[in-house]
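Given the coordinates of chain A, work out where chain B should sit on it, guided by the hints.
Chain residues, written in single-letter form:
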Amino acid sequence: MLERYIRPMWAFVFRDWHLTRRYMSWVAVFVFYAIVNSATIALIGKAQDDFRLTLTLLLGVLLWSFLSAMYNEIANSISYERWEGTLEYTFMAPVSRLIHLSGVSLFAILSSSAWFEPLSFWWGWCSSSRYR
Amino acid sequence: MGPLKEEWALKGVSFYVQEGETYGLLGPNGSGKSTLIRILSTLLTADGGTVRVLGHTLPEGERELRRKMGRVSVDAAFYKKLSPRENLLYAAQLYGLEPRQAEKRAMQILEQLGLESRRFNDHIEEMSRGMQQKIAIARALLINPPLLLLDEPTTGLDPKSRRDVQAFLEDLRAREGTTILLTTHDMAEAERLSHRIGFLAHGRLVAEGTAEELKRQAGSPNLEEAFIVLTGEELDEEAAI
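Heads up: the protein sequence lines correspond to chains A and B, in order. Residue 123 in my numbering is what sits at position 123 of the first sequence, and the numbering runs on without skipping anything. Residue 50 in my numbering is what sits at position 50 of the second sequence, and the numbering runs on without skipping anything.
Chain B with its partners taken away, still in its complex shape:
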């Protein structure tokens, strides 16, 4: 038997996100970003440390917390044979929302995201990934959550869809004061959307601050170089677009 490979599913992450703030978490593949999002969204239970979200300590307060947060993951998971309308009405009823009001809200969000209303009754499987991701955002926002967890929400989207989503998130933050935790590989996106950014590597938060502070700390002209200097890692070529 060879030597055991060292693996992390996070081991030293400590951070605080203020109300109404957008906090970006940047890290290479396998750094634990999605694991962290799963812990915060009550899907995984941390076997050490303390997790406190919107005043609820996990896992004890998970039931109440679930009513107050939305999540968008990199993979827009839906019932592909159903239409956006059916998928969103299902999600709304799961959260106890009145279907007609939820439908109205969903339509508003989708229109803001640039999805044509005539597509609401098409099968999701016939839609592009960009459209599916916009529907995933609408699903997360149906309950108007004070906390939004975004796990690489624009990965794999075309530039137009990416810009639509980013503009919508900026607008949402300004309008509703939603607190957003964003994980991404995209440096420009992190810089555009985040008030503060944390660099995650080897299961640790190795640096934290505004984009300017991080660049200054690393003595680098841009965030990508700052990331490499401070973490000792490089992002994937595909991801660092």
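Excised from the complex, chain A in its bound form:
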């Protein structure tokens, strides 16, 4: 179980974490983009001076940015392998496509939660403070 499933799945988390560390400036750029994106949408509610609308929009934008970050991470994982030319080595390893996808998705969920959600949530909390 450990050798056939857990370690291979964890290998993708390990790899993606170290790659993310090396491309931290890009993470900062995308976090900034997520904040601006959420601000743009939340301001529609603020302009209407409607707490319920603002809250609905903020919840929507949170989910949107979370899913967008997660699926970007999954899609970029394969693009990155093609770019580096490592895809053949990954496909040659005794790893099923399900384990591959699970490992990449696990890191995508962890990283999206770690980077995008607290920031988006913090921004949303601040922007709706005047209604509380």
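No lab work stands behind these hints, which were simulated from the structure alone. Beta carbons: idealized from backbone N, C-alpha and C, even for Gly. Misleading hints may appear alongside valid ones.
Not everything, but these chain A residues come out facing chain B in the computed CB check (under 10 Å) [what the hints assert, rightly or not]:
| # | residue |
| --- | --- |
| 1 | W10 |
| 2 | R15 |
| 3 | L19 |
| 4 | A39 |
| 5 | T40 |
| 6 | Y89 |
| 7 | P94 |
| 8 | L98 |
| 9 | S102 |
Chain B residues, not near chain A, derived (Cβ > 10 Å throughout) [stated by the list, open to error]:
| # | residue |
| --- | --- |
| 10 | K11 |
| 11 | S14 |
| 12 | G49 |
| 13 | E64 |
| 14 | R67 |
| 15 | D75 |
| 16 | E86 |
| 17 | L89 |
| 18 | Q93 |
| 19 | D122 |
| 20 | E176 |
| 21 | E191 |
| 22 | R192 |
| 23 | V229 |
Just chain B now, kept in the frame of chain A:
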């Protein structure tokens, strides 16, 4: 429309490699060497014929076979921003190895190949091609595979790195009894490392035997001339160094 150009991605290749043997495949560019390696390493599925490796028939037995073979290609593909240590630990975990043991083994292999341990944590992008190729060999050997597929492993390396790699492969074969399938353009390398050699041309294996047998068959004093006589082709100038 002009006449259709004839193309091959292999069409008549049949050979057998014994356990513990090093088999060299020589052929000009486009002769199908890399395609053959990709088929054997389960990356491509042959649309005809039978492929049997270490007792596993492909593609049915590919999952089990993948645990038993390593591959080094001409292009040492790595995550260039990561260090050798990180790249090798990633590869080890993909194969289900315990990271600490894998790290120890990787260090041993790299030291044998002449890579200084202080470089283990540098970015791979800062390393020479020779160093990268040595790390690629370490990656392939992490699982101590009974079968090693080497696709032009020394192409583009400087003479010192080339000698290091060749000496390591000889040592590996003597120590572990690893079966090696080597494709190369380098006649001297093929002669030095291979027990038997096959000449691949036009998608066919046109001749096979020991270096001496091939030279005798062609009536040539050296392997390069034997290759030209038996295949009717010449190797690239760059490749025939």
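Comparing the hints with the structure gives:
Taken as an interface hint, W10 of chain A checks out: its beta carbon lies about 6 Å from the nearest beta carbon of chain B, inside 10 Å. Proximity of R15 of chain A to chain B holds as hinted, the smallest CB-CB distance being about 4 Å (cut-off 10 Å). Restraint check, L19 of chain A versus chain B: the minimum CB separation of about 6 Å is within 10 Å; hint holds. The restraint placing A39 of chain A at the interface with chain B is violated, with a minimum CB-CB distance near 31 Å, outside the 10 Å limit.
Taking 10 Å as the C-beta cut-off, the interface hint given for T40 of chain A is violated, the closest approach to chain B being about 32 Å. Given hint, Y89 of chain A at the interface with chain B, holds; its Cβ is 6 Å from that chain's nearest Cβ, closer than 10 Å. Using the Cβ-Cβ criterion of 10 Å, the hint placing P94 of chain A at the interface with chain B is satisfied: the shortest such distance is roughly 4 Å. Residue-level restraint check for L98 of chain A is violated (minimum Cβ-Cβ distance to chain B is 13 Å; threshold 10 Å).
Proximity of S102 of chain A to chain B is violated relative to the hint, the smallest CB-CB distance being about 13 Å (cut-off 10 Å). The non-interface label for K11 of chain B is consistent with chain A: the shortest C-beta to C-beta separation is roughly 23 Å, beyond 10 Å. Here S14 of chain B stays apart from chain A, with its beta-carbon at least about 24 Å from theirs, past the 10 Å limit. No Cβ of chain A approaches the Cβ of G49 of chain B within 10 Å, the least distance being about 21 Å, so the stated non-interface status holds.
A beta-carbon of chain A is positioned within 10 Å of the beta-carbon of E64 of chain B; the least distance is around 8 Å. Interface exclusion of R67 of chain B from chain A breaks down, the closest Cβ pair being 5 Å apart, not more than 10 Å. A Cβ of chain A approaches the Cβ of D75 of chain B within 10 Å, the least distance being about 6 Å, so the stated non-interface status is violated. Listed as outside the interface, E86 of chain B is inconsistent with that label: its C-beta sits roughly 5 Å from the nearest C-beta of chain A, within the 10 Å cut-off.
Annotated as non-interface, L89 of chain B brings its C-beta within 10 Å of a C-beta of chain A; the closest such distance is 7 Å. A beta-carbon of chain A comes within 10 Å of the beta-carbon of Q93 of chain B; the shortest separation is about 3 Å. Against the 10 Å criterion, D122 of chain B stays outside the reach of chain A, whose nearest CB is about 13 Å from its own CB. Taking the minimum C-beta to C-beta distance to chain A, about 20 Å, the non-interface status of E176 of chain B holds against the 10 Å cut.
Chain A leaves E191 of chain B outside its interface by the beta-carbon criterion, the shortest separation being 29 Å against a cut-off of 10 Å. Remark: the non-interface label on R192 of chain B is consistent with the geometry, its nearest Cβ contact in chain A lying 27 Å away (cut-off 10 Å). Non-interface call for V229 of chain B relative to chain A: holds, since the shortest CB-CB distance, roughly 35 Å, exceeds 10 Å.
Checked against the numbered hints given earlier, this structure breaks hints 4, 5, 8, 9, 13, 14, 15, 16, 17 and 18; the rest are met.
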